[in-house]
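Q: Chain by chain, the residues:
There are 2 protein chains.
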Amino acid sequence: MNYGTLYGVGVGPGAPDLLTLRAVETLQRVDVIALPRSSDYGSSTAWRIIEPVVGKRSNQERLFLTFPMSKEPARLRQAWDAAFAKIGERLKSGRSVAFATEGDPSLYSTFGYLLGEAPRRWPGIRVEVVPGVSSIAAVPAVLGAPLADGLERIAIIPANYGVTDLVTILNTFDTTILMKIGSEMPKVIEALERTGLLHKAAYVAKATMPEQKVTTDLRAVRGERGDCFAMIVVARRERSGVLAGEVSPNAALAQR
Amino acid sequence: MNYGTLYGVGVGPGAPDLLTLRAVETLQRVDVIALPRSSDYGSSTAWRIIEPVVGKRSNQERLFLTFPMSKEPARLRQAWDAAFAKIGERLKSGRSVAFATEGDPSLYSTFGYLLGEAPRRWPGIRVEVVPGVSSIAAVPAVLGAPLADGLERIAIIPANYGVTDLVTILNTFDTTILMKIGSEMPKVIEALERTGLLHKAAYVAKATMPEQKVTTDLRAVRGERGDCFAMIVVARRERSGVLAGEVSPNAALAQR
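So the protein sequences, as listed, match chains X and E.
Note that the numbering used here has the first sequence beginning at 1, numbered continuously upward.
Note that the numbering used here has the second sequence beginning at 1, numbered continuously upward.
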């Protein structure tokens with residue numbers, strides 16, 4: 001069967017001008033833009049990001065797909081089955097579909113599941129990933145502080161995984177990025193207090209969006225339920241800088 | 001003093017159409033584009049990326065700055081001192097300067113050092129970071145495989161730091177990204193063999209550039225000196241997917 005091409009398009013962290021030229025070109029060209037949203041009646045953040053640049057086009061379909069903010073596999077599977085049916089119908093008729101995903105399609109993105117399933121459901125289909133500016137690039141830009149340079153190592157931890165070994169990670173890595181914080185916020189702050197790194201942490205929610213929130217006083221956001229777009233960056237900055245090479249790797253390890 | 005604004009502009013991994021709209025607008029608007037290169041006679045990769053989009057402009061200066069590929073602090077410090085003098089001269093005359101940096105300015109970028117020094121050298125200066133598509137977004141896009149989703153954790157390791165504990169990291173994290181591989185390639189491959197993860201690794205050099213190289217047969221690149229743009233991604237994929245929530249975090253930890 002001659003399927004239409006499926007694209008996973010990263011639309012960046014929130015500011016429309018952080019779309020790439022390739023994302024804009026792809027979103028303007030495809031027959032269908034698939035737009036995830038979290039409820040049937042809510043708006044799509046991806047659409048809010050791209051609308052000022054791409055706009056509504058008479059010859060292009062906007063296909064809104066609802067993925068509830070749920071951890072229940074049964075509910076998620078149902079949502080995905082409906083999404084696959086709708087996307088598949090369009091691909092089978094030869095139409096190209098761009099699945100617009102916030103940030104970058106390769107990093108904790110809904111698109112990952114579609115990418116994995118596509119060749120099974122639509123054998124021989126052409127899938128193209130358009131990389132985007134991820135939140136781990138946007139957050140340090142907003143903070144005006146590099147994530148890592150020199151000899152620094154980075155750990156990226158989705159906090160909803162569980163944060164039982166967070167103290168070990170904070171002590172082992174130069175920079176720790178906590179994503180998907182949700183209800184784990186108090187435990188994260190406790191680990192930061194325990195390691196004496198609370199003053200090296202910054203909290204950023206909705207980076208580059210109009211509602212952007214930045215604070216280095218994490219105690220003030222203790223009660224906050226970190227949403228999907230919130231991130232905590234903890235940077236020790238002991239081995240950063242272009243001259244970090246002056247410390248020999250072994251010496252640096254021994255210092256720990 | 002009224003300094004011109006200093007921008008750190010991420011120009012993406014290599015393909016010119018992976019520039020963001022904001023990067024293009026900034027690079028077209030500033031008085032000076034500062035372009036790093038590794039020798040006085042070599043070309044600048046950043047310029048190669050932006051030239052097809054931005055082009056040469058009669059009212060705009062291209063300031064090439066040489067940073068030798070050296071680990072010697074003395075040589076690097078000398079190069080930086082020269083760069084600071086040249087950039088400072090322009091900023092002091094009120095001209096805006098955009099330092100173009102491959103990938104994203106916050107991740108192992110030369111710009112980090114400039115960002116740290118700027119407020120010390122030019123008090124009150126306005127610095128703006130324009131985030132870009134980093135290689136850690138471009139490489140999985142090229143591979144057509146997500147870096148991480150579901151409950152997965154990521155470690156980013158500059159291999160030139162030393163890879164003595166790489167086996168532990170490979171066994172602890174779901175996805176490990178090795179950057180700045182250089183002469184550590186044989187040791188990296190040895191660690192992958194020791195952990196039985198060689199078949200889960202992919203090597204990508206110069207992602208999205210015309211010279212792009214991708215292989216999942218790492219033994220074939222054992223002799224290669226991984227350059228600045230080369231990366232190895234090792235993804236276990238045990239807890240990925242939208243339904244990863246079915247495994248409880250504790251059960252997943254216990255399985256290790």
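In short, the hints are calculated from the structure, not lab data.
Mixed in with the good hints, there may be bad ones.
Each pair may be met inside one copy or between any two copies, as identical chains are not told apart.
As the list claims (entries may be wrong) - Cut-off 35 Å, straight-line C-alpha distance, at most; resulting in silico cross-link-like pairs (DSBU-like, lysine-lysine):
| # | residue 1 | residue 2 |
| --- | --- | --- |
| 1 | Lys56 | Lys200 |
| 2 | Lys92 | Lys213 |
| 3 | Lys213 | Lys187 |
| 4 | Lys200 | Lys92 |
| 5 | Lys187 | Lys56 |
| 6 | Lys187 | Lys86 |
| 7 | Lys180 | Lys200 |
| 8 | Lys200 | Lys86 |
Q: None of the hints should be skipped; say for each whether it holds.
A: Verification of the supplied hints:
1. In this assembly of identical chains, the alpha carbons of Lys56 and Lys200 never lie at most 35 Å apart, being 44 Å within a copy and 42 Å across copies at closest.
2. Taking the shortest Cα distances, Lys92 and Lys213 sit within 35 Å of each other only across copies (32 Å), while inside one copy they are farther apart (43 Å).
3. Within a single copy, Lys213 and Lys187 get their C-alpha atoms as close as 21 Å, which meets the 35 Å cut-off; across copies the closest is 43 Å, which misses it.
4. Proximity of Lys200 and Lys92 under a CA criterion of 35 Å is satisfied inter-copy only: 32 Å between copies versus 52 Å inside one chain copy.
5. Taking the shortest Cα distances, Lys187 and Lys56 never come within 35 Å of each other, neither inside one copy (44 Å) nor across copies (53 Å).
6. For the identical chains of this complex, Lys187 and Lys86 are neighbours neither inside a copy (40 Å) nor across copies (48 Å), given an alpha-carbon limit of 35 Å.
7. Taking the shortest Cα distances, Lys180 and Lys200 sit within 35 Å of each other both inside one copy (19 Å) and across copies (26 Å).
8. For a Cα distance limit of 35 Å, the shortest separation of Lys200 from Lys86 across copies, 33 Å, qualifies, whereas the shortest one inside one copy, 46 Å, does not.
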